[in-house]
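Colleague: Sequence:
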Amino acid sequence: MASYDDEDDEFQECYEPTLQNVINQTSLRWIFVGGKGGVGKTTCSCSLAIQLAKVRESVLIVSTDPAHNISDAFGQKFSGEAALVNGHHNLFAMEINPSSTIDNVANGPNPIIKNLMGSIPGIDEAFGFMEVLNLIKDYNFSVVVFDTAPTGHTLRFLSIPKTFEGILPMFSNSQVQQSLFNQFAGLLGMKSIGEGNVDTAIPLIQSVGEQFKDPELTTFVCVCIAEFLSLYETERLVQELTKFGIDTHNVIVNQLVYPSDNSCELCSARQKIQQKYLDQIVDLYEDFHIIRLPLLPHEVRGPDHLKRFSEHLLNGYSSSS
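Residue 144 in the numbering used here sits at position 144 of the sequence shown, with consecutive numbering throughout.
Hints may contain errors.
Stated by the list, open to error - 30 Å max Cα-Cα, derived DSSO-like pairs, lysine-lysine:
| # | residue 1 | residue 2 |
| --- | --- | --- |
| 1 | K54 | K307 |
| 2 | K213 | K243 |
| 3 | K276 | K243 |
| 4 | K54 | K77 |
| 5 | K307 | K77 |
| 6 | K276 | K54 |
These aren't lab readings, by the way, just hints derived from the structure by calculation.
Could you build the full structure based on these sequences and the hints that come with them?
Modeller: Okay, here's the thing in structure tokens:
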């Protein structure tokens, strides 16, 4: 039976099946890891953060998924404040629930913001995610890895600047404009900007959006498994990211069953199914780095397992390793 390692040699010569390109790009500030639920995003994002910590001054991995798994992955409890990951001197983690943050904003002291939260579809999430970014801004990390919520929430997160850009001109109330204006000013590290209006606020908002659209600063790593629904979701995600102008050129195909001499009938059948979808992934993303990761006989939990697993992101995996 053919092995995944034997496939697509010509493809691999052009785009190596590794995330080394992400590690080498030291200009990156925001790295998003996302995909359909249950494909192993947290394992992959934690593993990537571990590898980044070897070459970057300081790394933060932050979960924006309400079903937080970073604590489970590292075997260490994290909260809404950045905490050092055990066994590392420059890797930090935090878990933020945007839904809770939305409630904090809605119940906050600003009556204008409170009134806005229930009046425009999507603005509650936009403010919640803005607060997430403001929390991160308070820390001076050289790179931030986002372990994101499933695809739909992630896309709304990345569309924040566009959402605000569309909302701001709708209001003639200068207090409303100033409140929105100051939200983005805070994100850019400005404590006070004085009076703002639509003409001055929109360029400021656009500058935040440009950070997400700048491939030197931001990239998105897609994670999937070799199944129809996951492939469908990945294609939707890639199309939406392209529409937003957000760089993505890495796809991790996780939980692959590798054949062996003593493979059972079920494993062999599963490998054939996965190979079919893996071939489709290679055809669809011929200009992507496609990283193949194995389904292991044990859970990837705890710092030691994560460190070993993270090596596969750079060195690949073969059934003989």
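Colleague: Hint by hint, note whether the structure agrees.
Modeller: Results for each hint:
Note on K54 and K307: the hinted pairing holds, with a Cα-Cα distance of about 11 Å set against a maximum of 30 Å. A C-alpha spacing of about 10 Å is found between K213 and K243, which places the hinted pair at or below 30 Å, so the restraint holds. Note on K276 and K243: the hinted pairing holds, with a Cα-Cα distance of about 28 Å set against a maximum of 30 Å. Among the hinted pairs, K54 with K77 is consistent with the structure: their alpha-carbon atoms are about 22 Å apart, no more than 30 Å.
About 18 Å separates the Cα atoms of K307 and K77, which keeps this hinted pair within 30 Å; it holds. About 36 Å separates the Cα atoms of K276 and K54, which puts this hinted pair outside 30 Å; it is violated.
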